[in-house]
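Enquirer: Chains as they are written, first to last, in numbering that gives the first Met the number 0: chain A, 0 to 340; chain B, 0 to 340; chain C, 0 to 340.
Just so you know, the hints here were simulated from the structure itself, not pulled from any lab data. Check each hint, because a few of them may be wrong.
For identical chains, the list gives no copy identity; a pair is met inside one copy or between any two copies.
[As the list claims (entries may be wrong)] In silico BS3-like pairs for lysine-lysine, Cα to Cα no more than 25 angstroms straight-line:
#, residue 1, residue 2
1, Lys246, Lys300
2, Lys132, Lys316
3, Lys152, Lys280
4, Lys38, Lys246
5, Lys308, Lys280
6, Lys132, Lys280
7, Lys282, Lys246
8, Lys308, Lys246
9, Lys132, Lys246
10, Lys245, Lys38
11, Lys158, Lys243
12, Lys331, Lys297
13, Lys282, Lys300
14, Lys227, Lys245
15, Lys112, Lys336
16, Lys245, Lys329
17, Lys339, Lys316
18, Lys246, Lys227
19, Lys282, Lys308
20, Lys113, Lys227
21, Lys112, Lys152
22, Lys308, Lys112
23, Lys227, Lys282
24, Lys316, Lys152
Residue strings, one per chain:
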Amino acid sequence: MFRLPVGKMLTRLAIITSRIMRPDDANIVGNVHGGTILKMIEEAGCIIGTRHCNTQTGDRCVAALARVERTDFLYPMFIGEVAHVSAEITYTSKHSVEVQVNVLSENILTGSKKVTNKATLWYVPFSLQNVDKITEVPPIEYFSPEQEEQGKKRYEAQKIERMETKDRNGEVITPVSLPEPYTVGFSQSSLIHLVGPSDCTLHGFVHGGVTMKLMDEVAGIVAARHCKTNIVTASVDAINFHRKIKKGCVITVSGRMTFTSNKSMEIEVFVDADPLVEAEKGKYRAVTAFFTYISLDKDNKPLPVPPLKLEGEEEQKRFEEGKARYLQNKAKRLADKEHKQ
Amino acid sequence: MFRLPVGKMLTRLAIITSRIMRPDDANIVGNVHGGTILKMIEEAGCIIGTRHCNTQTGDRCVAALARVERTDFLYPMFIGEVAHVSAEITYTSKHSVEVQVNVLSENILTGSKKVTNKATLWYVPFSLQNVDKITEVPPIEYFSPEQEEQGKKRYEAQKIERMETKDRNGEVITPVSLPEPYTVGFSQSSLIHLVGPSDCTLHGFVHGGVTMKLMDEVAGIVAARHCKTNIVTASVDAINFHRKIKKGCVITVSGRMTFTSNKSMEIEVFVDADPLVEAEKGKYRAVTAFFTYISLDKDNKPLPVPPLKLEGEEEQKRFEEGKARYLQNKAKRLADKEHKQ
Amino acid sequence: MFRLPVGKMLTRLAIITSRIMRPDDANIVGNVHGGTILKMIEEAGCIIGTRHCNTQTGDRCVAALARVERTDFLYPMFIGEVAHVSAEITYTSKHSVEVQVNVLSENILTGSKKVTNKATLWYVPFSLQNVDKITEVPPIEYFSPEQEEQGKKRYEAQKIERMETKDRNGEVITPVSLPEPYTVGFSQSSLIHLVGPSDCTLHGFVHGGVTMKLMDEVAGIVAARHCKTNIVTASVDAINFHRKIKKGCVITVSGRMTFTSNKSMEIEVFVDADPLVEAEKGKYRAVTAFFTYISLDKDNKPLPVPPLKLEGEEEQKRFEEGKARYLQNKAKRLADKEHKQ
């Protein structure tokens, strides 16, 4: 009954994982957290990526998350539904693996099913002997030359973007005393988390999915503080994981609102890692990302979002940048829609 | 890539779930707890059982675990390995569903795979409108009349066994002051657990898998206290879930050693439920079971087990009963082996 | 309340963490467990303490919890609220660090905020090279000589108390067969827990917060068994952590009621550690503490508590001691109140 794919196919297809959504996976009204879904996506990606990179002789290695492409949350998922996560390797370069992951929600009471997410992740294999050595990725076979060509284009595009974001660092969130409602200072939030063993890979590095779950948690608090309603993750912009985070670090995850449209909010989230014990290494910015949230009424219909009150030039500048991202994504969605018709 | 089985097959096959084993799933030397595996098995069974029972019109329902057949742990599983759990419906009677579950461990670094467990579970569907009403199970299609016939035999056999164990209740574990090493009193242990939301189904009843995980936890502590070495679950005798346990109950899980052979220990585990707030309902025995443990050295080879020191007729009697179960299982294993040759 | 640090101040102030309270953090009616809050408090304390003690050259170290001063739970917290925990170093001696932690609950829907807890914790740094070596603590800068002087007084006072409690050991909880309602034997409870990787610091020692959470869990079950209503933690007396508990230990946490007033119950909790595999070390009493619980009706108003039925001189003696603690705390609360007016 459990038939494993034969030969070469084994490493490409074949990760499907299913899990019932529990109360702790969701918010108070039963909507599953975006972070829960991101964590499941990354876990499937890590399994298939690590498996693939170990299908040749040579150093044993672990696939570490390097980047997640922009991800949309198409439908909300609820407590009691079953999430089916399937992952497939779609492209390999010399040192990286592209994994595409689909998430399907199934209501096992009514039988209804919906594709809730499609995500693309990039992994890089690190040697288990030497955590700073990147190993080589065995090539996959493509169904057609076009398929390989398109993969190569995606690979090149993300490579450029990763380079560009490498230096967007340094900024910190400064708390404000007695902030006014609807200002940036009012809703900004941060959490700290001491990295534990279950957060980590075999290497002792934090799973990308664990980091993304914490980021979504902070972004969700920021969004809820701003609009005081039931809020859900609508999308996450591309996230680059520039530096690994090690076991024993304390991570500080901070979020602030950057932009509001009529029905959405954009929240910028920073992750700073602090190797407590190896203090000489110093704190560093490990990840940054933009999360978009929407506010829902009791029937899961979008509600208007109170506009963000801006204070100072910095906030104005970030708002304009957020608006540009918003308009660009809107245009892209429209183009995709037309393309399909 | 995620192709769902067509038509009627959908409800029979189709649950596969994969998860990396983490430090919290395992003991201090890296052996995954038997309880972790039992919990994954039951989760897959509950998904496929609930899905199947809702494929017809009428009351929506949840499949509740009624019985797990004797389960052997064929090979140990380790942190970092991926557990693949697949579940299939193999028989249906008017009010119950038989699910067969296989667990496969995969070392994603070396690619090696092993079947570690095969389990058979029986579920009964309860209406969501009325938690005391058992709903009807839609029939499955069989590949052959023989298949159906064999299923029916298994169904009848377990039904008789469930009846027989229904009244084996009442006994309690009485603590001993200053017990001698290797006596029953020395290693007996118990824990209490306040049932939380994540332990429960949509009905607010404890998942059978949660109960089994707690039972394995107590049995493991009894075994470790007895032989002070690395111990692992070797098998679990058939477990019957006579009464459901509700959210808000305190459950007391108690274990005591009943029998030792040269290389194995048998531990009897009781689960008592105490509906704290609805005190008028009173405490009741919800489940009992026998776990068999073995002791392993550093190379995962079985070690001799110190013989149990018996005190009193009761302990002697339980030892003899344990020995009978041990010899019966041994004979059955030998018969199965010859049958295969 | 959230003042963030400049320069040198960094190591003194500066830990703020926010987390949404989830269903598993709370009891069946939505009240967050006192143990959940104690665990968050200790995690923040451990982070700031460890960070501070590693700000100088020399051995890398981990701050281990030595003592928590008496802690009151001023208001209940609920699922869906955000807990903000802030920690600050307020005094350092040669070998210990005092951390003050405030917990604020925020209802993000209404915006209302309440200070729910103020706690004072003492940490001692242990070398990572040699777990039995206590390292030196770098001094902090004080705002004024008075501030330092007051800190020194607190330090001396807790030192004396820690000495005094060092020998209050040995007692065990003996189960009673067929106990009558409202007696000590009726509600007494105990649990065992196998220490797992996520319970531990980098050293492989159990986090103080994990121990306190288990203690609160047992105390809560004792209180619920006694009065069969919704109960919440009202306060915890000073807790001293005399001996560390290591990974792989089994801990037994036992609780019994010692005293009841009209509207409160006092529960004594013991923690015994049993280093299973290193059996030559033997079992030892690791921690003891007194928890005070109150019983709440549906509107979160205090209910009368059924009086404890005492049996024997021992129970009578413990009741009197409990009463003395109760009256002392009451007097102290009144004095504090007058002082503020």
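Enquirer: Which hints, by number, does the structure contradict?
Expert: 2, 3, 8, 12, 13, 16, 17, 21 and 24
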